[in-house]
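Engineer: Chains as they are written, first to last, in our numbering: chain A, 1137 to 1230; chain E, 443 to 926.
Worth double-checking, as some hints may not be accurate.
[Stated by the list, open to error] Think about it this way: if two alpha-carbon atoms lie no more than 27 Å apart in a straight line, the pair counts; the simulated DSS-like pairs of lysine-lysine are:
id	chain 1	residue 1	chain 2	residue 2
1	A	Lys1176	E	Lys829
2	E	Lys547	A	Lys1225
3	E	Lys461	E	Lys481
4	E	Lys719	E	Lys532
5	E	Lys532	A	Lys1225
6	A	Lys1142	E	Lys703
7	E	Lys532	A	Lys1158
8	A	Lys1225	E	Lys720
No lab work stands behind these hints, which were simulated from the structure alone.
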Amino acid sequence: MAIDIKEVEHIALLARINISEKEKAEFAEQMTQILQYVEKLNELNTNEVEPLYHILPIYNVFREDNVVESPDRDELFANAPQHEDGYYKVPRIL
Amino acid sequence: MELHELTLQQLIKELEEKKTNAQEIMTAILNRINAVDQKVKAFLTLNQEAAIEKAREFDRQPWQGKIAGIPFALKDNYCTKGVRTTCASKMLENFIPPYDATLVKKLYAEGGILTGKLNLDEFAMGSSTELSAFFPSHNPWDLERVPGGSSGGSAAAVAADEIPFSLASDTGGSIRQPAAYCGVVGLKPTYGRVSRWGIVAYASSLDQAGVITKDVSDAALVLSIIAGYDPLESTSVQMEVPDYTAFLNTDIKGLKIGYPKEYFQQGVDGKITETLKKALLKYEEMGAHIEEVSLPHSEYALPAYYIIGPAEASSNMGKFDGVRYGLRDFSADNVADLFSLSRQAGFGPEVKRRIMLGTYALSSGYYDAYYLKALKVRRLINDDFAKVFSSFDVIVAPTTPTTAFKIGENTDDILTAYMNDILTVPINMAGLPGISIPCGLADGLPVGMQIIGKPFAETTLLKAAYAFEQATDYHQLKPSLGVR
């Protein structure tokens, strides 16, 4: 599978990463190289194999819906690039 | 021996017998860091004043705990309340967490003192620590070589006697590989054995927290502290935590050791396999049963990893968007640009590469061909191990295919750089516990022996490692902190 510049642009959009023209060419080449290496997996017939997501027999983990101590809001905002009146602030959305 | 050269348990003993005090220990450690870290570059952040103050407090009124008054350091992807946590990324250069990771709380609860935060490949993605956004770390055995990665700072600091032990994380070998390159002990417990809450995630189905120490017995002690269920961590397992140090003895008569033939091929340096074969003979001398085994799908672990790792990373890295914390590009005048410009400025090339690759593998039309395929291969790899473990107690193999490489040597070719993890990745795929311990030198550089155990059989693993360590003195070799 070869990845071209157009595909790279599409993936970058999905991943929300702005990339330069130089990076586009680099990523196209490197991703192609990595995916060609990954092709190796197709040597194996896995039609009858169940996927293994992780090794533990744990599925959904629930807890009681109790009120517990929550983090201090001002402490959390201390790391925010911009905030105002108890909200995170971002540029216009619409 | 100087205080900074002592192991964790030697320091505990010195303190208990009142031969020294916490301030003397902390001063010795800080002096050592100030003397050698300009060469090793293991630390990203030093907690100097707070650490000294804490040690002083301890001496005035000592508290109880398994590591009371003892300095420790953390890979800089562990969240530490009030202490900068960067993940060696521009994205988090100024991030000060409002909480401590569970394991940090556990070390504090046993009385340990945080001395500083250690360098890594950005967001733990890499095998050399050259991919830190700030500076590369150096191998204490040869300063022109890498310490390995991604936990390069954690391994180099212990090897250079800058800290008695450190915590780190291992997704595809990130504890064991740098431990091997730096000639120290690196333990990755079973997936689920310790909590990862508060450690910045890379690939959640593979990530595991662990410890780097100067000897096996210290690793057992620290594991006894950090292991256990955490209600905040849905993949941590509710199982009793034994005192791992109680199982350490040298009687390994009849221990069944398998050595996988695939781990002695696959482009593994002849000097490494030679060193490992000598180690296996040592085990035989001690009464263990040695036999060649096969893990036939080994060669597929790395390509599967380069789908699963990036896929999960692309999801985990989504939270870095310039809104709630981390770097923001203030030039954006709409919110879509805010995300993509902040992420462009905040992430380094390898992180971007893995996010891109993972996004592609999970995207519509490719999910089955890549991600699902890789998960199926993962099952085959897991089954290989299960089969061997039905008749063997542990598996012994080299940790790495070569000794530490030169800084800059592997930066051009991405796939060559990825190959460093070829012998460690399969263990993460199967969620097994693994330890790397020093088993000799090749051309003056440390060689690591990897011991792999059954799920949750850390006791057997540590015993096998301890017995070898007691029968040899490789763990006592010290680096010169020069250039070879």
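Engineer: Confirm or reject each hint.
Structural biologist: Outcome of the hint check:
1. At most 27 Å may separate the alpha-carbon atoms for a hinted pair to count; Lys1176 of chain A and Lys829 of chain E meet this at roughly 23 Å.
2. A threshold of 27 Å between alpha carbons decides the hint, and for Lys547 of chain E with Lys1225 of chain A the separation of about 32 Å lies outside it, so the pair is violated.
3. The suggested pairing of Lys461 of chain E with Lys481 of chain E is violated, with an alpha-carbon distance near 31 Å, which exceeds 27 Å.
4. Under the criterion of a C-alpha separation no larger than 27 Å, the hint pairing Lys719 of chain E with Lys532 of chain E is inconsistent with the structure, at around 44 Å.
5. In summary, the hint linking Lys532 of chain E to Lys1225 of chain A is supported, as the alpha carbons are separated by about 21 Å, within the 27 Å threshold.
6. A threshold of 27 Å between alpha carbons decides the hint, and for Lys1142 of chain A with Lys703 of chain E the separation of about 43 Å lies outside it, so the pair is violated.
7. As the CA atoms of Lys532 of chain E and Lys1158 of chain A are separated by approximately 21 Å, the hinted pair is consistent with the 27 Å bound.
8. This hinted pair does not check out: Lys1225 of chain A and Lys720 of chain E have alpha carbons roughly 62 Å apart, beyond 27 Å.
The structure fails hints 2, 3, 4, 6, 8 (numbered hints given earlier, in ascending order).
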